[in-house]
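**Q** Protein chains in written order, with our numbering: chain A, 1229 to 1529; chain B, 1229 to 1529.
Hints are computed from structural coordinates only; laboratory data are not their basis. A hint or two may mislead.
Heads up, the list lumps identical chains together, so a pair's fine if it works in one copy or across two of them.
In silico DSBU-like cross-links for lysine-lysine, where the CA-CA straight-line distance does not exceed 35 angstroms [as the list claims (entries may be wrong)]:
1) Lys1251 <-> Lys1307
2) Lys1335 <-> Lys1385
3) Lys1296 <-> Lys1434
4) Lys1251 <-> Lys1483
5) Lys1307 <-> Lys1483
6) Lys1437 <-> Lys1346
7) Lys1335 <-> Lys1395
8) Lys1483 <-> Lys1437
9) Lys1385 <-> Lys1251
10) Lys1307 <-> Lys1437
11) Lys1296 <-> Lys1307
12) Lys1437 <-> Lys1395
13) Lys1307 <-> Lys1335
2 protein chains.
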Amino acid sequence: MISILSGGTGTPKLLQGMVQVLKPEDITVIVNTVENDYFSGVYVAPDVDTVIYTLAEIINEDTWYGVKDDSFITHDRLKEIGCPETLRIGDRDRALKIQKTILMENKTLSQAIDIQRKELGIETLIIPMSDQGSHINIITDAGEMEFHEFLVENQGKPEVFDINYQKVDPAPGVIDSIENSDMVVIGPSNPITSIGPIISTYGVRKALKNAYVVAVSPIVGNQPVSGPAAKFMEANGHEVSSLGVAGIYQDFLDKFIIDLEDENYQEEIEKLISDVMLTETIMRNMTDKINLARCILGENV
Amino acid sequence: MISILSGGTGTPKLLQGMVQVLKPEDITVIVNTVENDYFSGVYVAPDVDTVIYTLAEIINEDTWYGVKDDSFITHDRLKEIGCPETLRIGDRDRALKIQKTILMENKTLSQAIDIQRKELGIETLIIPMSDQGSHINIITDAGEMEFHEFLVENQGKPEVFDINYQKVDPAPGVIDSIENSDMVVIGPSNPITSIGPIISTYGVRKALKNAYVVAVSPIVGNQPVSGPAAKFMEANGHEVSSLGVAGIYQDFLDKFIIDLEDENYQEEIEKLISDVMLTETIMRNMTDKINLARCILGENV
């Protein structure tokens, strides 16, 4: 039994490998929810949806957002009639979002996700970090803004001075899942805006300290593998490197997996985390994903 | 300047003729809203949408509901994932409904409709009968039910004992439009569930009594031209015929247009309404629609 903390970009790729190596039902994925919000009248849980679509094998692997081979008829029509959408929601993707919105009229997010993953034949348990809403507040040279405002409307361009978000209560099962896992895996997701919110959820940091925790660095060299992690790490005073990530996770991390390219950081990281392993962390294909999953689980690749 | 009271089936056909005969901006359409409700997370105003789509020349003329040549990707996907929609909403149709839903977060229905009709290039003013929500309650041999429950889920099959709906306040402009029109036209729509709610709106019946009102019978012989009018008329104690309709409208109607087939009713109807005209009321094509519009307006066809 393992738990995996996930954001919406790097970790879903790892999940594709994990479900090949472990029984899907022996995995629980705890997903960041801090960016969830209503757009175009539907509830959008970006990271949760990416995890659901990944495990349902319908994810668009070009963008790691939305459903593969989707059409955009409603989205395009909304633009034509003067009501453009902030997010590009496909027609099949919209159906899942409508379903979640309807379910949430009288259910929690946790319950809605559980209904959806069963409907899609997913055996892996998917738990949102919280059933409470919360937002990231980004302080930039262009003013204060929310996450999608920064990333989509401003294309991640403003200089970032600070990031903060409310602490919320964990969803049912989050703490239990961490406490009862043989291993907790922190996937290669953004440590500030994806993993950070999960860790800040009440009780999670304490539970992680008592668990065996393995993390994969989302930074290779001085560049995140994907997404806007660099600006956020710098704004929070962390070096943009696997060493910087080690600094963020050091108080609860038991084992840190860094890329072969980062051998030069190994010695410094070992001062923070006793067990450091070097391997190929870039996942270009299914073999890479399975190999990284095996490496995390301590199996010989 | 004329006002036309409209439901969602017969009257929109007449509107297609009217905008050929009169300047579109000289027409105000006052539309039934009693069946409006939220479905699949979007606000659905069935009769309003049919009027908008008709005047925007995008109506599906096979069903008089939704957008022509639409696709149903989201609708079909919702069914696949165990969340079937009560109403069959197309992808392009859904965009308009999403827009209205978003607009109504901080605007009235009247304001939302006015923005949409301008966006779609419609010069004819479209006013909902009310900005307040209201529902039809249908008492049947299968229990009490709402309109869509009766018509869609139960396919209009139960025996109807009675129909009622709340009286609501008219939307801004409804009374003014009736008072300032040279003629008020009651289109060939269901007199109980489409025109009835408009007439029952506070102040409308009084305004109609002071106006010059022309109605077109929605019944030819003993059958409604379209829709479920027959059961509702019977349940309310009216004969299913143009004579029955005349009885419903008699206290404010100045001129009644019935079908050539209904000559046998003419004498009886003339006891209720002084001015009765016989013409071809079935609108099979644009020529029929224009001819009926001209006949209503008193022009020689």
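**Q** If a hint holds in the structure, say so; if it doesn't, say that too.
**A** Structure-based check of each hint:
no.: 1; hint: Lys1251 <-> Lys1307; verdict: between (43 angstroms within a copy, 29 angstroms between copies)
no.: 2; hint: Lys1335 <-> Lys1385; verdict: between (37 angstroms within a copy, 33 angstroms between copies)
no.: 3; hint: Lys1296 <-> Lys1434; verdict: neither (38 angstroms within a copy, 58 angstroms between copies)
no.: 4; hint: Lys1251 <-> Lys1483; verdict: within (23 angstroms within a copy, 77 angstroms between copies)
no.: 5; hint: Lys1307 <-> Lys1483; verdict: neither (48 angstroms within a copy, 45 angstroms between copies)
no.: 6; hint: Lys1437 <-> Lys1346; verdict: within (31 angstroms within a copy, 60 angstroms between copies)
no.: 7; hint: Lys1335 <-> Lys1395; verdict: both (22 angstroms within a copy, 33 angstroms between copies)
no.: 8; hint: Lys1483 <-> Lys1437; verdict: within (12 angstroms within a copy, 84 angstroms between copies)
no.: 9; hint: Lys1385 <-> Lys1251; verdict: neither (41 angstroms within a copy, 51 angstroms between copies)
no.: 10; hint: Lys1307 <-> Lys1437; verdict: neither (48 angstroms within a copy, 44 angstroms between copies)
no.: 11; hint: Lys1296 <-> Lys1307; verdict: both (21 angstroms within a copy, 19 angstroms between copies)
no.: 12; hint: Lys1437 <-> Lys1395; verdict: within (18 angstroms within a copy, 63 angstroms between copies)
no.: 13; hint: Lys1307 <-> Lys1335; verdict: both (31 angstroms within a copy, 20 angstroms between copies)
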